[in-house]
Amino acid sequence: MLAIRNLHAKVGDREILKGVDLEVNAGEVCAIMGPNGSGKSTLAHVLAGRETYEVTAGDVIYEGKNLLGLYPEARACEGVFLAFQYPVEIPGVGNAYLLKAAFNAIRKHRGLEELDAMDFLPLLKEKLKLLDMDEEFLSRAVNEGFSGGEKKRNEILQLAVLEPRLAILDETDSGLDIDALKIVASGVNALRSPERAIIVVTHYQRLLNYIVPDTVHVLVNGRIVRSGGRELALELEDKGYSWVEAATQPAVPIPS
Amino acid sequence: MSAVTQAHDSYLESFARFEEGAAGSGQEWVRSIRGSAMARFFELGFPTTHDEDWRFTNVAPIAETSFRLAEEGHVSPTARELERFGFSDLAGIRLVFVNGRYEPGLSSLQPLPEGVKVGSLVHELTTDPGTLEQHLGRYADYQHDAFCALNTAFMEDGAFVHVPRRTALSEPIYLLYVSAPTADPAITHPRNLVVAGEESQATIVEDYVSLNGDTHFSNVVTEMVIGENSVLSHYRIERESAQAFHVTTLRAQQGRSSNLASHSLLMGGALVRNNVHPVLAGDGGDCLINGLFMGTGEQHLDNYMKVEHAGPHCNSRQFYNGILDGRSRGVFHGRIIVHKDAQKTNAKQTNRNLLLSNEAQIDTKPQLEIHADDVKCTHGATIGQIDEDAIFYLRSRGIAEASARTMLLSAFARESLGRMKNESIRKHLEGLVGQWLPSGKLLEEAI
Chain A
1 MLAIRNLHAK VGDREILKGV DLEVNAGEVC AIMGPNGSGK STLAHVLAGR
51 ETYEVTAGDV IYEGKNLLGL YPEARACEGV FLAFQYPVEI PGVGNAYLLK
101 AAFNAIRKHR GLEELDAMDF LPLLKEKLKL LDMDEEFLSR AVNEGFSGGE
151 KKRNEILQLA VLEPRLAILD ETDSGLDIDA LKIVASGVNA LRSPERAIIV
201 VTHYQRLLNY IVPDTVHVLV NGRIVRSGGR ELALELEDKG YSWVEAATQP
251 AVPIPS
Chain B
257 MSAVTQAHDS YLESFARFEE GAAGSGQEWV RSIRGSAMAR FFELGFPTTH
307 DEDWRFTNVA PIAETSFRLA EEGHVSPTAR ELERFGFSDL AGIRLVFVNG
357 RYEPGLSSLQ PLPEGVKVGS LVHELTTDPG TLEQHLGRYA DYQHDAFCAL
407 NTAFMEDGAF VHVPRRTALS EPIYLLYVSA PTADPAITHP RNLVVAGEES
457 QATIVEDYVS LNGDTHFSNV VTEMVIGENS VLSHYRIERE SAQAFHVTTL
507 RAQQGRSSNL ASHSLLMGGA LVRNNVHPVL AGDGGDCLIN GLFMGTGEQH
557 LDNYMKVEHA GPHCNSRQFY NGILDGRSRG VFHGRIIVHK DAQKTNAKQT
607 NRNLLLSNEA QIDTKPQLEI HADDVKCTHG ATIGQIDEDA IFYLRSRGIA
657 EASARTMLLS AFARESLGRM KNESIRKHLE GLVGQWLPSG KLLEEAI
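Protein chains in written order, with the working numbering: chain A, 1 to 256; chain B, 257 to 703.
Excised from the complex, chain B in its bound form (with noise of 0.2 Å):
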């Protein structure tokens, strides 16, 4: 029996006894998801790089792994222990969750306007059901998407959001998942819902860590279901260990006139899927997709975007950087798919790449599926090294080598970090790719 076979089975035992104590396991419609989302799952299997959606991309590693459902029992930070990762200075709602648990002990929820929902997806599942049923894994798809099929199957804990119409939120809301060392290699399945109705406005920041460098495998489901008219941003961090796992999909449904910024910090973790999967299905909506990503060691860092649009007069962009050193190699996925009623589109794709070795790696690909007939897609990949050019201008004025290229680096992660219009969230990514730079630190941006 090949390992693979073997952890599919171990898959469907653990869920045999997963299904039967989960959260919202007495509810028809939770069984039947979960129900239909390991059966599916079954039937895909992991993909493999003969499938297109995973050319660049060998998740042997994570398929032939014995992975255990994180359980209850670890012992878990303490609030001290957490401050290593530097969040103290976003004010506002913190959620966190400890090996896909919410631990309401780390977490500070502080009053919120009337009738938003800020809390774990288990409590909601237990007490309050009814919105988590009209839109709980009706987006993101576990048909086609075996890891989403096996986060769906697996769903149980995560954050809910739910912002009325008309309801802004000042604060950002910050979500930290910790993985905590565990006995077995670990694999959580944290699944978020985002639900922000008409005319709302809200930030939500997912930031991934590791208490230490054991493998585990987070396997992560994000549904946003955006109002009519709203606006919503969504940072993720990922900055897990070394030899952390991690497949993470975004899936958002966006109305009429709605605006999403995804943003996306990539720069933990020994391979990291990261989907972003926007579906403009109103009239107007507008998104921008924005990322950093930078590898170094062995890392392999795959960014699929996969742009729909289905409503017509939308405008998406899409701005990924890539940085890589070491032997790490990075994948940039673009796709934009253009139904055939989302006349005037207006839809811009650019990759940028630098490569600080020559073991670095980086395959990007566009893909335009355009079924409407008057659209405006662009698309741009660049891949080069740092400009030795520059280096020596920047010398000849006087500055050191090290410092010349500590600014040419400060400068291609300020592109994408100056897309971000949170101060403090963006203050917070800014130290965390300064502390990746040889410096230590960005440069600043201005005198």
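Extracted from the complex, chain A is given alone in its bound form (with noise of 0.2 Å):
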């Protein structure tokens, strides 16, 4: 479903992805794990077309299509969905009414008759069950004064709503109680299929205790230094991100 060839991205003049390659096939739940300043989130942002990031080299193909070509609207119609580690505070713009606005564009996209009022809202009011929210996050403005659990939890609710193909979760378990978690944890899975893969960018093992990935990569200073199974996971936990960074080149020291 997603193949990434020698992903190299910069802010201004700093260099952070340097090279990574990683294969994501469909149904799959890919874990990517890292230290702070690893790159992380930025691969996350890249996949999702942000422009303060610039590309420099290789490509990322999407079900066939160059992904880096398309805008952040084109490539969320396409399936791909992002969720935001610092979800973005909007005033004044309903929750509800971007939830709808998001996901009739998508099925515009794909050529399907848009839902009105009436037929999106039921759709809606099952999604909040699933992730135990109250109905009265619909008629709040996105994000504003949520709290940091709300947030992420509002961001499930989208990916729930929106139900794209690929679907990149940054840090989403930061934060959050170990409820909250559980919660956020269950509706991800709920989304799991055979048709949809899902990334998992985190800090934490522990995430991972109720997601669990099938594949697991330790991102470090802008490459993928090692790949494997869950259990790697489990041995970061046990050793330290020091283990797998004294294997590999430091840093670039930065000019002064």
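Just so you know, not all the hints are guaranteed correct.
[As the list claims (entries may be wrong)] These stretches of chain B come out as covered by chain A in the derived footprint (C-beta under 8 Å, 3 or more residues):
1) 651-659
2) 662-674
[What the hints assert, rightly or not] Restraint-style ranges between C-beta atoms, simulated for each label pair:
3) Gly12(A) x Ala658(B): 24 to 34 Å
4) Glu51(A) x Asp597(B): 51 to 61 Å
5) Tyr204(A) x Glu625(B): 50 to 60 Å
6) Asp597(B) x Asp132(A): 47 to 57 Å
[Unchecked claim] Here are a few chain A residues that sit away from chain B, every Cβ distance over 12 Å (derived from the structure):
7) Met1
8) Gly27
9) Gly64
10) Lys239
No wet-lab data here; the hints were simulated from the structure.
Where is the CB? At the ideal position from N, CA and C, for every residue including glycine.
Two chains, each in its own frame: build the complex with the hints.
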């Protein structure tokens, strides 16, 4: 489904991704782990089309298409979804409004008829139940005044409503208490399917107790340095990132 | 002789002619107010940017233009020509003024509750000036404000509304001020007086439009006398041509426990000054001052708020949102004056601005003068661009970039529009704001 080859990306003059190679297949849950500053979030954002990152080399093929050639909205319409580490607050735009607009934009792209509020609301309410969210969430402005946990749940609600083919969760577990983590994980697990791939970007092994990955990749200093199955995550938990970091080249010192 | 001096002389000549023939000139009190206002205008002269209240707004283009008092003889528009201004959804009472003159043929006066008066100032001046003598020119400050002095010197026509005590008008009173083409740049001095008795209720809409792109100057003063425990809403819409000058003052005198909501939408005009000046004179008065200004091109939109707390236990809330594009410039000057007896004042002021281009500019200035010791006053201002993180967030959900921008602009504008309680008026304004947006319409509020 997704093939990333030799992907290089930078912000300003700072190179962050230094040749990422990664394959993700349909039906797979793939965990990308790594220490702070390793490039995990950059990779997630580059896949979603964030323009602040400049791709300098490499390519990304998604469902046979050149993903890097598409605008962010086109990627979303093609089935790519990024759950943000820091979901953005949008005062004045209602949560339900955004969900319906996004849902219909994607349907329209696929040549399907747009749903009106009457047909959309029941679907939305069903997804709310899945995430144990109050209907009151719908009338609030997008993420405005939400707690950290509410924001993360709201991301998963969007994920559940938009049903992407490739979901990228960027540190969705960070800052969640164990109850919220379980809810988020069960929401994600409910979406596992043979047609869908899920990339779970995380700093901690903990989330992977609830969303059990098929493959685990370790990103250090802009490159995938180790790949394996679920046991790799446990090993990392045990030995810490210094174990894999030691095995890689030191970072190029930043000129002063 | 400088252009400004010439202009002053031309105002003097014009006043001499006006004074003899104008409605009400036979009445001593009218002559006296007009005369002293003219004299005061000469002493004050047009303000300059050295004047603290005009620091951000240079009125030289007004001072240097030789305007002629709009005379009769213009070609009046037909009702059909006015349709494009799209107020037909507003039911109720409509008064139309063309170049400052009341046009009964274009107006529609419905049967009114007993004792309610809605009509032209000229008519009232010539038939029943009693209420006018009591109120006209008693509140708007022509001693210190040159534009107000000029308006007062030339005051003759405009709207007169009198709502007697314990009377509620369910429909809004819609006042449309049309600027029709003239040979020379025309100046008009619409003068409106609203007198609301105790426990009354009314909604007034002032809407200013131009028939074409001529340079003209609307110099407006509206006085509102709001009786005890009465509820008044006032809407001002400025959508004149990109060559128009517009200076307007809303002066409201609020009695005990009265409630005023002032809403402004500024989107037209080359140089606009919007003065809103309520005086909370009685105990427990409340005023909401809400505005949205949207500039583009070379427009200059200046909002000058002066909220005077004179009585105790009064609340005032100011919310102004600005959206500035192109090389436009916006000003928000929010002055709150708490007099020494106005204990337990609760005054709040918020000004939020979105700059859509690198050349657009906003000056925002809070000014708190507090002479009482038990008060709560807060103010805040923000200036920012469209949040690119929010744009990316929306795009990452499949929403096209242009729609994402419209969504954020709509949300920002709706903050102001959402405070407007009258649904038919709010819809009218939503339509106007929508036309201003690149998308041509506001996004829906809810699903």
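Hints, one by one, checked against the model:
{"no.": "1", "hint": "651-659", "result": "holds (count 8)"}
{"no.": "2", "hint": "662-674", "result": "holds (count 7)"}
{"no.": "3", "hint": "Gly12(A) x Ala658(B): 24 to 34 Å", "result": "28 Å, holds"}
{"no.": "4", "hint": "Glu51(A) x Asp597(B): 51 to 61 Å", "result": "58 Å, holds"}
{"no.": "5", "hint": "Tyr204(A) x Glu625(B): 50 to 60 Å", "result": "55 Å, holds"}
{"no.": "6", "hint": "Asp597(B) x Asp132(A): 47 to 57 Å", "result": "55 Å, holds"}
{"no.": "7", "hint": "Met1", "result": "18 Å, holds"}
{"no.": "8", "hint": "Gly27", "result": "23 Å, holds"}
{"no.": "9", "hint": "Gly64", "result": "20 Å, holds"}
{"no.": "10", "hint": "Lys239", "result": "35 Å, holds"}
The structure is consistent with each of the numbered hints, conforming to all of them.
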